[in-house]
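J.: Now for the letters of each chain:
2 protein chains.
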Amino acid sequence: MLNKVHLGILGLGTVGSGVVSILQQNAQDIQTRTEYEIIIKRVLVLNPKEPQKITGDFELTDKADDILLDPEIDIIIEVIGGIEPARSFILKALHNGKHVITANKDLLALHGQELLQVAKEEGKDLFFEASVAGGIPIIAAMKQSLAANRISQIIGIINGTTNYILTAMADQGRDYQEVLAEAQKLGYAEADPTSDVEGLDAARKLAILASIAFNSRITLSDVYVEGISKITRDDLLYAAELGSTIKLLAIGKHQDEGIEIRVHPAIIPKTHPLASVSGVFNAIYIVGNAIGETMFYGRGAGSLPTGSAVVSDLMQVIRNIQTKSSAAINCSCYLDLPIKTSSEFFTSFYIRLLVIDEPKVLATLALLFAEANISFASIIQKPRENKEAEIVLVTHPCREGQLQEALDSVRAYSKVLNIKNVIRFETDSQ
Amino acid sequence: MLNKVHLGILGLGTVGSGVVSILQQNAQDIQTRTEYEIIIKRVLVLNPKEPQKITGDFELTDKADDILLDPEIDIIIEVIGGIEPARSFILKALHNGKHVITANKDLLALHGQELLQVAKEEGKDLFFEASVAGGIPIIAAMKQSLAANRISQIIGIINGTTNYILTAMADQGRDYQEVLAEAQKLGYAEADPTSDVEGLDAARKLAILASIAFNSRITLSDVYVEGISKITRDDLLYAAELGSTIKLLAIGKHQDEGIEIRVHPAIIPKTHPLASVSGVFNAIYIVGNAIGETMFYGRGAGSLPTGSAVVSDLMQVIRNIQTKSSAAINCSCYLDLPIKTSSEFFTSFYIRLLVIDEPKVLATLALLFAEANISFASIIQKPRENKEAEIVLVTHPCREGQLQEALDSVRAYSKVLNIKNVIRFETDSQ
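Protein chains in written order, with my numbering: chain A, 1136 to 1565; chain B, 1136 to 1565.
Only chain A is shown next, with the shape it has when bound in the complex (with noise of 0.2 angstroms):
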């Protein structure tokens, strides 16, 4: 006779109806995959009376306990997201015995630390590879199939809300505002985008990922963030003109002097293996100093891939269920990495100027930068009305703080009317 496991799940949103429609539409595969007949016994929505995203041979609860506490519970899949109840729910899950697999990015990037030690005291899994980056098993394979790697750096195009406005803005010619309002229609951006389009999205996902490449807790207060908010038409169509592309991108690097964390808007050259990553696609970027470069792409988002990472998960939980070997791989965080504040940011900068068109002005602009010890490796100049000139100037790579520098003395430059924008560059593979 087949085995079973009886699963609890928490939430019947999105990922939850997604996890539920696979575990229906796969239930032979899955059986046969893990030996085992997966039954979802009770799941708790806020109104059990009300009707449900999906229905099945389960029962509805609206109390937690009915689920945290039934002994016959092995598995709990945690899907209602945000900080609390989903914390408390988590701990006393694994308090009475169960398993756990969570797609809560809010609530690791914050209490990851806490989470894994407690499952590991109890000797459960604690499994959360559809936090990130949902269709992609990114998590997975940096604990496992890239383990035998010292990952030096890992660059993500993780939030699908930006990377869509971004695309259609290149794509399109078309203005950040206008294309913002077009993905709320399309349900690709909240009515309140900020977490999105500001960057913490992305950073709340960082701070994960970063902590398994590098093996060192980094939280989300680590991480340097800026948004695409500031990004313009006009920047992009300059980055065209460099061969290059705007993305907004997750940045973990780790060096001699200790990590760099940030996320923020760059330009990246249209050669560079993210450059063609469009519309809601996630990608992460991977160099390992065995595996050279490496890129793992898909879906970030949405009910089924999400599901999917959950749903694999839950098998792994099944196997290790089976074969006694529960808890083998939690918390990877062994070292106690210093981290870089963003003075010490060493990359090349696209400035763009409003200057007055006067002769010299350049000739001055370039003292300046070079008195901070920058200098430039390509300008580009045009004309405006009222005898204005725009010129974006791109600089060799340099520390932040001497750029910080600079631009303190252009700012009190008289001729200079407005500093429009300051964008790092991504450049280097490897």
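What the hints contain is simulated information worked out from the structure, not anything from laboratory work.
Each pair may be met inside one copy or between any two copies, as identical chains are not told apart.
Here are the simulated SDA-like pairs of lysine to any residue, each with C-alpha atoms no more than 20 angstroms apart in a straight line:
(1) Lys1475 / Ser1287
(2) Lys1555 / Ile1515
(3) Lys1278 / Tyr1171
(4) Lys1320 / Ser1364
(5) Lys1255 / Ile1456
(6) Lys1278 / Gln1160
(7) Lys1278 / Asp1164
(8) Lys1365 / Leu1552
(9) Lys1255 / Thr1167
(10) Lys1278 / Glu1172
(11) Lys1459 / Leu1251
(12) Lys1278 / Asn1161
(13) Lys1550 / Val1496
(14) Lys1278 / Ile1173
(15) Lys1255 / Tyr1171
(16) Lys1278 / Gln1288
(17) Lys1278 / Thr1167
Go by the hints and put chain B onto chain A.
T.: Quick look at chain B alone, frame taken from chain A:
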């Protein structure tokens, strides 16, 4: 005190020396991550007296039994390649209670089933991530991270030599023979390049990948194979004119009527995720019913990338030893799906013809194709010398049997001087 695990390595060539190098260079991290001290005890080489690619604190031997029968050795890494004696060595190792990691695609494509069966009987792990697309952790991804999915398509660029050649031909408008010669000089192609350029290497890897993707045993002889040696500079120019490029694709599709399994040059739109995979890089594109489209990209060969796959497998074998859960995932071929013959393949075609440039020729061609129920999606016609014209016909999707029928009529048509090339399209994402 730290647990110890003893290794024997069969072969110290490109991959073997990569494995040793990673174990030396990343020793501290690997030890912390596995909580085991890894001791390379003995390495099998042809001549232990000669200098080797890499040195270390291990014993060289030319007697396989010194390794296969050594009771202290827990894990064998087979990186000699070829069918025999590799097969016998692996079987002997398994029968003598050793876990095995191999990078041997030739062997697995032929004898995978036998070896996995023996591993299962002996309760040992037999891992082979390195056998396909070295630096891309695709096997673990399919067996674990995508396990919740029914995979409907797997399409790979999994031969670096041919991708290098086609990329150079496309980017530089050069001819096949010239680029092949250059690739041989640079070490990207063998002196006898047949196995790469005629698609055999990709077919072996595809047999392994598709067996795992579709849970049905597929061997080399099941794969329809066509190489790139007939692709010309002109074909690449026409492909570019069609907004596309040409890649040697390894294609597996699980359809209602059975499995399509084929390696051949294919025209793909420049917007396809695989189109921008350049040079010696490899990539594998997968469509699953939950995850949608996903792609894995990286180096497909080389000492360190392949070594990375071997050592990451090794770390998993060690974790399994530690948790006493070896042999948990082995052969996953629980289905026995029919394989479609090439006449049943269903694609669009590019057909390049040299014809006599007279009125009605195009109309007659259209009729000949219409008789086989094939219509055109687009047509390019260019004048050539001597009142000849070159015509490129792009068909709507049809069965390959229909196309062969039409081509028979075309061949018999006196105004057609030459069917210069016929190339399949791979257009549908999803």
